[in-house]
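S.K.: So the sequence lines, in the order shown, correspond to chains B and H. So the working numbering is basically just the index in the first sequence, starting at one, shifted up by 2. So the working numbering is basically just the index in the second sequence, starting at one, shifted up by 165.
Do not take every clue at face value.
[Claimed, not checked] If you anchor each label on the Cβ, the simulated ranges turn out as follows: (1) H:194 to B:138: 12 to 22 Å; (2) H:222 to B:197: 56 to 66 Å; (3) B:39 to H:206: 36 to 46 Å; (4) H:194 to B:157: 17 to 27 Å; (5) B:168 to H:374: 51 to 61 Å; (6) B:138 to H:349: 42 to 52 Å; (7) B:148 to H:425: 34 to 44 Å; (8) B:168 to H:349: 28 to 38 Å; (9) H:262 to B:154: 25 to 35 Å; (10) B:209 to H:425: 47 to 57 Å; (11) B:148 to H:206: 36 to 46 Å.
[As the list claims (entries may be wrong)] Covered by chain H, per the in silico footprint, the following chain B stretches (three or more residues, Cβ under 8 Å): (12) 71-83; (13) 105-111; (14) 131-142.
Hints in this document: simulated from the structure, not taken from any laboratory. For each residue, glycine too, the CB sits at the ideal point set by N, CA and C.
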Amino acid sequence: MPEGGTGRPNSYGRMSLATSNICRVSFIEADSLKKTYTPRGASPVHALDGLDLAVPQGTVTALLGPNGAGKTTTVKVLTTLITPDSGTAIIDGIDVIANPERIRPIIGVSGQYAAVDENLTAFENLDMVGRLYHLGARTSRARAKELIALFDLTEAQNRPVKGFSGGMRRRIDLAGALVTRPRVLFLDEPTTGLDPRSRLGMWDIITTLVGEGTTVLLTTQYLEEADQLADSISVIDDGKVIAKGTSDELKASIGGQRVELSLVSADDSAAAREILARYGSGEPTVTSDGRALTVTADDAPAALQRILADFGSSGIQLFDAGMRRPTLDDVFLRLTGHVATLEDESPENTKKKVKK
Amino acid sequence: MTADAPRQQYSASLATWLNDGWIATRRNLIKIKRVPDILVFTTLQPIMFVLLFTYVYAGVIDIPGSTYTEFIMAGIFAQTVVFGSTYSGSAMANDLKDGIIDRFRTLPMSPSSVLVGRTNGDLLINTISMIVMMTTGFIVGWRIRSSPLEAIAAVALLLLFAYALSWVMAFIGMSVRSPEVINNVSFLILFPLTFLSNAFVPSDTLPTPLRIFAEYNPVSALVQSARELFGNVPEGAPTSDVWTQQNPVLTVLAGIAIMLVIFVPASIRKFRQISTR
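Here chain H stands alone, though its shape is the one from the complex (with noise of 0.2 Å):
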């Protein structure tokens, strides 16, 4: 009986914490379905930028050996998961200043689970977001050249650093404590971080400084990680000789555990501290 108690303790804790997650975690799907601008900004602006990017941009970028359509692909594929990360942390703020936290921290739920809940669902409205994309792409010609295997790969790869992303953000939001501040400070962050990035233009035509920024900038790896794994990096097109672009799929991982392993428990630990001022 003994040597079972721990083991029935640790079970039920588990069941707790499975419980605990999904509660949390249903009522943001509810939201998604409650509040239509999410899903509109989810489905909607992926599709326009695929479209813009593909027509605007097409004719005036060449890519030797390939199309403009097959390389924009992968960098608005990790734009798109990039910014979706992002509700994790006005949302956050949001509880906070509505005194929503302080009644979850009143409740005897384990405290990760808001978090949790938060963070999973930043990875549907980025998973609905992925589907889209792909399916317009599809419509508008950019293909997949690999193994069904090696895509799964790229899109568990796009996911999965959008929802370290995520936990990053949850942090955030819950220090900033703002939710007008965490959009701005997201956008004035994360937008110069994609664009001086690989994803909308190979990165040697930019200027030096840009060049290496780009070059060393975890969003290109991304990119290019998913370029490679969708067979999108046309025969002969050259790559930076830098590290993490010649080991794409390595730096993203060390990425997304890098960010796990400080944010999940500064997080966790974070709003065990928080209430509403």
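Only chain B is shown next, with the shape it has when bound in the complex (with noise of 0.2 Å):
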């Protein structure tokens, strides 16, 4: 069996998943998975160009990417929903797409939305999953009661769930998925569109999953989300990984600290340029309003100093300046030549997107 994270080589090959406290057998492993759509009156779409994953036991791995890259195609082949043109699928040893009645009793999945019955309760909603797992009755009933006190969905417990929040909606969604306590966790988008106090909820939920040994596939658009939660990332594109590792390694392959400054007046523009050229590892990136300049330096508090010199010799006045580690932002507009968009967040855009 080939070994988590390691057995496949990338373009950045020297990213590997070298944590050593990590059991290193693949409990989720995803080889050269294609998918193609063909919408009608457009040209094919290829949702998934040969995406392959290996997730460890116990790990969380997330896949980061924006709208259209090809998490949730993945999300849903490895949840039995849609099977894949070509490649295998494998979890705990079961081949997902030759068995999936044999997956579906192990996993739990939280979609992008959350999919709960509005006319029912919390109650019913998690009642009927556990029916529906054949957890029988009384344990079902057992067990919701459980997640409700779990999920702090008390006062959702007996409403129909129509009347209640996306943030509150997504907690009973994800509660359902955890009904008969899965060895293996998908979470599609679980934070998306959730206000910024019930995304630090749910992180802290999924904080505590992953601390009792669940294996967590979890996608996301938030490189935050990702460094936040994940010990390993692919990050995906135009429906394969084109780069994986964690946080840090994603961070460190991209070279070291940045040198940020902000400019009084975007007229030193192109002066402040030159002199950052001169002391950085890289090409100096400058916004649009030609005002803020970031380099990549290797020794990056003494090149800030030789760039502070050189600007008050040349008399180029400072708004702001500083140091700062890589982000994820980074990570992927250097491996992606472009920004990971976030305005697009329903799924009516996201299909747009991808029909281009």
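Assemble the dimeric complex from its two separately framed chains, guided by the hints.
M.R.: This is how it looks when you write it as structure tokens:
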């Protein structure tokens, strides 16, 4: 059996999953998944274009990418909802495509939008899921009560879901995914569309789950979320993995720290750029207004000192100056040549974007 | 032991199927209870139809040897249960849109149970409608002039026809995917289908092309069956020579069988492939 995370070379070969305290047997393994949709009257869309994935047992892997990258399609293949055109998917040694009925009892799925029945109460929703996992009436009711307490849903317990907030629905949906204490949990954009407070609450819940040893595959377009929650990140774009590794490895792969400067006047932009290019280790980037400049530097403090000295002698006035470690935004920009777009979040927009 | 194994597996899967079907049905029963407009529509609309048709048209349309009230009831029964079967279409489209079908499909439940539960929901709605309509009918002077057994057969035939149609609608709902479209489409198809029949006027009063359509219309066979089984066809009333009108019960049974044989497997197969886009 190939080892998790290390089996597949990629364009960033040194990014391997090197964390030693992680059991290295892959629990989820996907190989060259391909799925092409042909929308009526449009050219085919390669939702998955040879996607590979390996998630070691007891770890959290994040699929990070913009809308239409293939995140949801990957989750749908692994959760038996769609069949890929080619490729293999294995969870806990079971072939997902050949034996979907053996996969369903061991997985928990929480989708992009809360798939709860609006006319049922939180209790009825959870009890229904339990009964459909064939837990039996008594166990199912007890488990529903347990989850309601755990997820702070007492308020929604006996009232139809209809009147509740997005955050509450999402909690009910996630609770539904945990009814059987699944060995593997799929979270498709668990916090998309939630307000910041609900998002933090969701992160707490996920962190707790992971502490209990559940294997998690989560998708997100929030770079910070992947950074916070995942042991390993697979960056995907256009239906394939373009990089993988830990958050730190990904950051390291695109060089050292950044020196960031804000100018008082955009008139100094060209001169400032020249100075940054002199001391930095790469091409400086300049924002469109010409006032904020960034450059990668191997020895950032020394570079910053020299840059400030040169600015002083050239009479360039600064609004702000500093250093920062690279963020996942930088990773994405570097790997895909474009920043992850966050403005379109509705599924409708995603669809249009995918269809181009 | 080895001989018992398949049997045990069979009874286990039968128990699973019954459990899943019941859980899915219960979900729809709760919905009927919680969404008042369904119940209002199911009870008030048939009462309205019975009263409107009997009092508005009773004086205009003459049924020799009987009353228009006696004539119209089977028509209203048929129209109401046929429209009652459309809930399955919009409900499946809605569940698909809301991602609830994705949730169900990732659970280890039998794939037919969501559809079984949904069509059972329609069956219950239609049963309630039938009781309300028959009660209202009795009040305004409609009478069953056959045996109780035949009357039960009439009710069973109406409900079974609508139940089979629910499977057709569920299939269409999963294919069309839009609850709005399915509502408009079913309105555009079912309204002409119920009106271009013998439900509200004797088909021999229609202009020839419409009369021919009405005579072969399966809804006409359903109405004719109900009328005959309730004993609401007056002695010596002219009946069309068309085979489907001469043998309406057989025609309806064949129609039910065809719908079920095609659309139960087709809907289940469809269900196993669909997912929210």
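S.K.: Determine for every hint whether it applies to the structure shown.
M.R.: Hints versus structure:
For residue 194 of chain H and residue 138 of chain B, the hinted distance range of 12 to 22 Å is satisfied, since their beta carbons lie about 21 Å from each other. One distance hint, 56 to 66 Å for the beta-carbon pair residue 222 of chain H and residue 197 of chain B, holds here, with the actual separation near 58 Å. In this structure the supplied range 36 to 46 Å holds for residue 39 of chain B paired with residue 206 of chain H, their Cβ-Cβ distance being about 38 Å. The hinted window of 17 to 27 Å between residue 194 of chain H and residue 157 of chain B holds, with their beta carbons roughly 25 Å apart.
Checked against the hint of 51 to 61 Å, the pair residue 168 of chain B and residue 374 of chain H passes, with Cβ atoms roughly 55 Å apart. A C-beta distance of roughly 43 Å is found between residue 138 of chain B and residue 349 of chain H, which places it inside the suggested range of 42 to 52 Å. The supplied range of 34 to 44 Å is met by residue 148 of chain B and residue 425 of chain H, whose beta-carbon atoms lie about 42 Å from each other. Range check, residue 168 of chain B to residue 349 of chain H: about 30 Å between beta-carbon atoms, so the 28 to 38 Å window is met.
Checked against the hint of 25 to 35 Å, the pair residue 262 of chain H and residue 154 of chain B passes, with Cβ atoms roughly 28 Å apart. One distance hint, 47 to 57 Å for the beta-carbon pair residue 209 of chain B and residue 425 of chain H, holds here, with the actual separation near 51 Å. At about 39 Å, the beta-carbon gap between residue 148 of chain B and residue 206 of chain H stays in the expected band of 36 to 46 Å. Only residues whose beta carbon comes within less than 8 Å of a beta carbon in chain H count, and the stretch 71-83 of chain B has 4; three or more means the coverage holds.
With a threshold of 8 Å between beta carbons, the proposed coverage of the stretch 105-111 of chain B by chain H holds, since 4 of its residues qualify and at least three are required. Judged by the Cβ-Cβ criterion of 8 Å, the stretch 131-142 of chain B is covered by chain H as claimed, because 5 of its residues qualify and three suffice.
Of the numbered hints stated above, none is contradicted by the structure.
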